[in-house]
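One-letter residues, chain by chain:
2 protein chains.
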Amino acid sequence: MRYELYYWSGIQGRGEFVRLALEEAGADYVDVCRRDGGEDAMMAILRSESVMRPPFAPPFLKAGRQLIGQTANILLFLGARHALAPADAAGRLWAHQLQLTVADLVTEVHDSHHPLAGSMYYEEQKPAARKRAAELVARRLPKFLDYFERVLVGNARPPKYAIGRGLTYVDLSLFQVVSGLRYAYPNAMSRLERRCPALIGLHDRVQARPRIAAYLASERRLPHSEHGIFRHYRELDA
Amino acid sequence: MRYELYYWSGIQGRGEFVRLALEEAGADYVDVCRRDGGEDAMMAILRSESVMRPPFAPPFLKAGRQLIGQTANILLFLGARHALAPADAAGRLWAHQLQLTVADLVTEVHDSHHPLAGSMYYEEQKPAARKRAAELVARRLPKFLDYFERVLVGNARPPKYAIGRGLTYVDLSLFQVVSGLRYAYPNAMSRLERRCPALIGLHDRVQARPRIAAYLASERRLPHSEHGIFRHYRELDA
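From first to last, the protein sequence lines are chains A and B. Using the working numbering, the first residue of the first sequence is number 1, and each one after it goes up by one. Using the working numbering, the first residue of the second sequence is number 1, and each one after it goes up by one.
Worth double-checking, as some hints may not be accurate.
Below, in silico cross-link-like pairs of lysine-lysine (DSS-like), each with a Cα-Cα straight-line distance of 27 Å or less [to be verified]:
#1 B:K131 - A:K131
#2 A:K126 - B:K62
#3 A:K143 - A:K131
#4 B:K131 - B:K143
#5 A:K62 - B:K62
#6 A:K160 - A:K143
#7 A:K131 - B:K62
#8 A:K143 - B:K160
#9 A:K143 - A:K126
#10 B:K160 - A:K126
Derived Cβ-Cβ restraints for the label pairs, each shown as a range [what the hints assert, rightly or not]:
#11 B:R234 - A:M1: 51 to 59 Å
#12 B:E123 - A:G118: 46 to 54 Å
#13 B:G64 - A:R157: 25 to 33 Å
#14 A:E235 - B:R165: 28 to 36 Å
#15 B:Y122 - A:E226: 27 to 35 Å
#16 A:G118 - B:R211: 33 to 41 Å
#17 A:A138 - B:R165: 46 to 54 Å
Computed footprint of chain A on chain B; a stretch qualifies when at least three of its residues, placed anywhere within it, have a C-beta under 8 Å from a C-beta of chain A [as the list claims (entries may be wrong)]:
#18 36-46
#19 52-59
#20 147-154
#21 164-176
#22 213-227
Calculated directly from the structure, the hints in this document are not laboratory data. Note that CB positions come from ideal geometry on N, CA and C, so glycine has one too.
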């Protein structure tokens, strides 16, 4: 079966967490909005009155007749299908719990450049963004990074994966978190990385996996930019 | 088995979504932080180095030897155990997808009074809160409420539940959303409720369910206040 991934064209954004899982799984999928007319097709689904279980927002995944929305929920689905999650119920809940914590971090990173309104440009909310970004760098990122470091170290020594002895979608998402933060907050990360060597090690291992390495080198991997979630604005990363 | 719910004492907050499910299920549970020493016990778990699968933040639920964090994840667990979710896998994912959309709404409501930093008092970020709250009321709440209305109307006519023919934890959470928004943004809601009669009807039906009615009348139901997520500040609800 060929999956259809619906997400805004041109950015990594939340869709990237799904792309990484599809790529690692070697799944057959179409990134719909990168095709002509794809974004129109996505908007048609979002606006349709006849879709039975409509998503609130992208990304969403079409899997046969099922339409699945919410990034972490899509990964919950894909993880079970493609052996990217633990096999037992408790392990799956734990993986999902970690993914929801990644989702919280992603929202906070987004809000660091859009603290007042998603409908306004960054340039219209710069002073507020400066304050929110300062909070992110000083308090929130250390808290999140320390947490994920603890999870990795607590799982195995030497640390290898977030859960058990095999790769899960959580590891792929943690790779993306490090990749995004390095792009958006390079100064802050140059300091913060010292406190999370296991997380950085995980990032490097994921990056070197054959399918992920091939993906990252392909044109399917979009570049980081100031249109996505992880944005680099020098004034926010003093 | 007696569940242990860990959440900040004195507020409804995110814990309330879990409490409502436990109450409707007639589950045996302790609201740990409402007992003497409870909050210390919670902090000990959060800070412990020996907890195998540590939660990032409250609420979390202890179920036997399992420790489950992230509100929506706890509901995913409880829904399956207490027949508060569809029986089929696709239905469960759909319920969870809706719950994650509720979670997004809850975060946006929280950020309407804390747009700059969770570590600062509301009084220190009032001008920013005014802008963010204006965005919430003008754009985001209409979008969320229209969405849930559409889901309810799309599920059955006349609308009764969010999913299928039976009550799920999503319905309980939507009750709490309406209850919280009515408290926090009464002026805005007096206008917005006209666009979501099915959602208001659901709120009323959930409120009248025997176990929920008994819970709401008990001292176990904490009052809304300016310490939780749904806070009423007159200047944000012009």
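Do the hints match the structure? See the list:
no.	hint	result
1	B:K131 - A:K131	holds, 15 Å
2	A:K126 - B:K62	violated, 42 Å
3	A:K143 - A:K131	holds, 18 Å
4	B:K131 - B:K143	holds, 18 Å
5	A:K62 - B:K62	violated, 35 Å
6	A:K160 - A:K143	holds, 21 Å
7	A:K131 - B:K62	violated, 37 Å
8	A:K143 - B:K160	violated, 42 Å
9	A:K143 - A:K126	holds, 24 Å
10	B:K160 - A:K126	violated, 45 Å
11	B:R234 - A:M1: 51 to 59 Å	holds, 54 Å
12	B:E123 - A:G118: 46 to 54 Å	violated, 25 Å
13	B:G64 - A:R157: 25 to 33 Å	holds, 27 Å
14	A:E235 - B:R165: 28 to 36 Å	violated, 54 Å
15	B:Y122 - A:E226: 27 to 35 Å	holds, 30 Å
16	A:G118 - B:R211: 33 to 41 Å	holds, 38 Å
17	A:A138 - B:R165: 46 to 54 Å	holds, 50 Å
18	36-46	violated (count 0)
19	52-59	holds (count 5)
20	147-154	holds (count 4)
21	164-176	violated (count 0)
22	213-227	violated (count 0)
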